[in-house]
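Chemist: What follows is the residue order along each chain.
Protein chains: 2
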Amino acid sequence: MNTMGRHVIAELKDCNLEKLIDMQYMERVFVDAALEAGAEVREVVFHKFAPYGISGVVIISESHLTIHSFPEHKYASIDIYTCGDLDPHVAANYIMGSLEAKSTQSLELSRGIGPIKINQ
Amino acid sequence: MNTMGRHVIAELKDCNLEKLIDMQYMERVFVDAALEAGAEVREVVFHKFAPYGISGVVIISESHLTIHSFPEHKYASIDIYTCGDLDPHVAANYIMGSLEAKSTQSLELSRGIGPIKINQ
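Respectively, the protein sequence lines represent chains A and B. If you use UniProt numbering, the first sequence corresponds to residues 1 to 120, in order. If you use UniProt numbering, the second sequence corresponds to residues 1 to 120, in order.
Pulled out of the complex, with its shape left as it was, chain A reads as follows:
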């Protein structure tokens, strides 16, 4: 398998608070985001922290999607890492829209056996 991958790192600000604290919703959004990008979902694990905050991971055949949410700041930090021909931005944009982020910042890294490249 080709080791080359695309890794989108994104910070989502001013998200919809109701959505950030709803773990079932978040899980569905992440699975749907993976599917939208054409990925094959292998494992889904989400964890709720007390008093608030959710961390979650979707392992896909093509790498992974992760989130760490900080509802008290209406902020979430996401990673979308895909190998093969998938476009990680499809999943990233789906998540940004679903969490209604009003402001985002992101960059894309090229992963793989070659040098790590940064595309801002």
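These aren't lab readings, by the way, just hints derived from the structure by calculation. These figures come from a predicted structure and were not determined experimentally. There could be a bad hint or two in this list.
No copy is singled out in the list; a pair is fine if it fits within one copy or between any two copies.
[Unchecked claim] Straight line, CA to CA, 20 Å or less: simulated SDA-like cross-link-like pairs of lysine to any residue:
| id | residue 1 | residue 2 |
| --- | --- | --- |
| 1 | K74 | M1 |
| 2 | K19 | Y52 |
| 3 | K74 | Y94 |
| 4 | K48 | G5 |
| 5 | K74 | L17 |
| 6 | K117 | S106 |
| 7 | K117 | L107 |
| 8 | K117 | Q105 |
| 9 | K102 | G114 |
| 10 | K19 | M1 |
| 11 | K19 | I113 |
| 12 | K74 | S110 |
| 13 | K74 | G112 |
| 14 | K74 | S61 |
| 15 | K48 | T104 |
| 16 | K102 | I116 |
| 17 | K117 | Y94 |
| 18 | K19 | H73 |
| 19 | K48 | N2 |
| 20 | K117 | S103 |
| 21 | K19 | T3 |
| 22 | K48 | S61 |
Starting from the known structure of chain A, fit chain B onto it as the hints suggest.
Modeler: For chain B alone, coordinates are given in the frame of chain A:
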């Protein structure tokens, strides 16, 4: 909780093949790496692909550790993302040593509500 985090991205080349294909070993290394860095382990999920390759995630209270291994290339791609006072390099170095990577490339990103900063 403070949103600021440190995210180490690393490519591990020329790893020990026997270790790269041993999922039980890999799980133990990742949990131990998290503990070495002072993290609190919350979820551990590893997935084995046919014919080879392992993807795994450890969700910690302070964010996550992930790996995607490509034994056919003796290569693994890892992410160590920590919030709080933890040093993600402690976990990264532990993993690099445990997989006996002969060559590595890494960079550190500053995550959080502020701008994403890259430290190479």
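Chemist: If the cutoff is 20 Å on CA atoms, where do K48 and S61 land: within, between, both or neither? Let me know, please.
Modeler: Between copies only: 10 Å across chains, 25 Å inside a chain, cut-off 20 Å.
Chemist: How would you classify K102 and G114 at a CA-CA limit of 20 Å: within, between, both, or neither?
Modeler: between (35 Å within a copy, 15 Å between copies)
Chemist: Could you place K74 and S61 in one of the four classes (within, between, both, neither) given a Cα distance threshold of 20 Å?
Modeler: For K74 and S61, the Cα distance is within 20 Å only across copies (18 Å; inside one copy 30 Å).
Chemist: Can you give me the call for K48 and N2, within, between, both or neither, at a CA distance of at most 20 Å?
Modeler: This pair counts as between: shortest inter-copy Cα distance 17 Å, intra-copy 35 Å.
Chemist: When no copy is specified for K74 and Y94, does a C-alpha distance of 20 Å or less occur within a copy, between copies, both, or neither?
Modeler: Within one copy, since 18 Å is at most 20 Å while 34 Å is not.
Chemist: Is it within a copy, between copies, both, or neither that the alpha carbon of K19 lies no farther than 20 Å from that of T3?
Modeler: Result: close only across copies, 18 Å inter versus 34 Å intra.
Chemist: Which holds for K48 with G5 at a C-alpha limit of 20 Å: within a copy, between copies, both or neither?
Modeler: Answer is between; shortest inter-copy Cα gap is 19 Å, intra-copy 29 Å.
Chemist: Classify it for me, K117 with S103: is the Cα-Cα distance of at most 20 Å met within a copy, between copies, both or neither?
Modeler: Intra 24 Å, inter 17 Å, cutoff 20 Å: inter-copy only.
Chemist: How would you classify K19 and I113 at a CA-CA limit of 20 Å: within, between, both, or neither?
Modeler: Between copies only: 18 Å across, 37 Å inside.
Chemist: Between copies, within a copy, both or neither: which fits K19 and Y52 at Cα up to 20 Å?
Modeler: Intra 12 Å, inter 37 Å, cutoff 20 Å: intra-copy only.
Chemist: One pair to classify: K74 and M1, alpha carbons no more than 20 Å apart. Within, between, both, or neither?
Modeler: For K74 and M1, only the inter-copy Cα distance (12 Å) is at most 20 Å; the intra-copy one is 38 Å.
Chemist: If the cut is 20 Å between Cα atoms, do K117 and L107 qualify within a copy, between copies, both or neither?
Modeler: both (11 Å within a copy, 10 Å between copies)
Checked against the numbered hints above, the structure breaks hints 15, 17 and satisfies the rest.
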